[in-house]
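Chains A and B, in that order, give the protein sequences.
Just so we're aligned: the first sequence equals residues 1 to 93 in my numbering.
Just so we're aligned: the second sequence equals residues 1 to 84 in my numbering.
In short, the hints are calculated from the structure, not lab data.
Each hint should be verified, as a subset may be incorrect.
[Said to hold, decoys possible] Per label pair, the in silico range of CB-to-CB distance:
1. B:R78 to A:V41: 37 to 47 Å
2. A:D87 to B:Q55: 19 to 29 Å
3. B:G24 to A:W57: 42 to 52 Å
[Claimed, not checked] Short, incomplete list of chain B residues facing chain A, as computed with Cβ under 8 Å:
4. V49
5. I51
6. V66
[Claimed, not checked] Which bits of chain A does chain B cover? Going by a derived footprint, with three or more residues having C-beta under 8 Å, they are:
7. 24 to 38
8. 42 to 55
9. 71 to 85
We put the beta carbon where it would ideally sit given N, CA and C, even for glycine.
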Amino acid sequence: MSVAGAVLVWLGVAVTVLSAVAAVVLESIIPRLHALTPVTVLAGPLVGVGLALRSGWSLTTATLLLVTLLLAVTGPALGAVTARLADRDAHDA
Amino acid sequence: MNTLLLAAVVVVPGGLVPAMVLLGRGDAVERLVGLELMGAVVVLALMIVAIGFGQPQYLIAPVVLVVLSWAGTLVFTRLLGGRP
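Isolated chain B (complex conformation):
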């Protein structure tokens, strides 16, 4: 296991477990913070894993995810806002 894969092994549980805790408590807006954290952590983890495995063509996944995560969270804020 190279150092990048070891970094991925650390960042996935170290970032996703707190994100899941945030997703599971509080009201809807507080859970939205957990969703934002999860999106950012998964983007970083996918970057590290793609380079760690020597497969840079998989970097298209974080490129797509960072845009979709941004748009998806904006949709949630719009829906939770209640009024235009």
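Excised from the complex, chain A in its bound form:
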């Protein structure tokens, strides 16, 4: 269980770093927002579940899963709001 947890955490770290680098490389704001989405909806659950596997069933696991859930819910919402703002700026310009 500890090895599986470490693998999931490292997968989440890889997704985070790749997404961050992709966001820098991409030029326009909408593709950047698309590149950032995996950080919250994929890397977050990977890291959270990986750490939960290492911790076993406890209050720590519940806290980890709470953070993971909040990150996965709020991240896409922020992306949508930012994209709407960018779209409004593009139309006003």
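Knowing the structure of chain A, use the given hints to seat chain B on it.
Structure of chain B alone, referenced to chain A:
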């Protein structure tokens, strides 16, 4: 150094340096993307570091940060929107 702390050593510069690059270029909305990335990366790093050091009571920090980061970014979008 255990494997979790090594993961934190990778994710902090690997995520925060691109976020700082995004924060430093473009217009205000483009910099806001860097702020969103920075918030998500710091939440993940704090989770990893808290478990890596064997101090799960510090998990309250990412719990608070994920909520404040969400609300703070929404405030920025409201201010940058210009009209209600």
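To see whether the hints hold, each was checked on the structure:
no.: 1; hint: B:R78 to A:V41: 37 to 47 Å; verdict: violated (24 Å)
no.: 2; hint: A:D87 to B:Q55: 19 to 29 Å; verdict: violated (43 Å)
no.: 3; hint: B:G24 to A:W57: 42 to 52 Å; verdict: holds (44 Å)
no.: 4; hint: V49; verdict: violated (11 Å)
no.: 5; hint: I51; verdict: holds (5 Å)
no.: 6; hint: V66; verdict: holds (5 Å)
no.: 7; hint: 24 to 38; verdict: holds (count 5)
no.: 8; hint: 42 to 55; verdict: holds (count 7)
no.: 9; hint: 71 to 85; verdict: holds (count 9)
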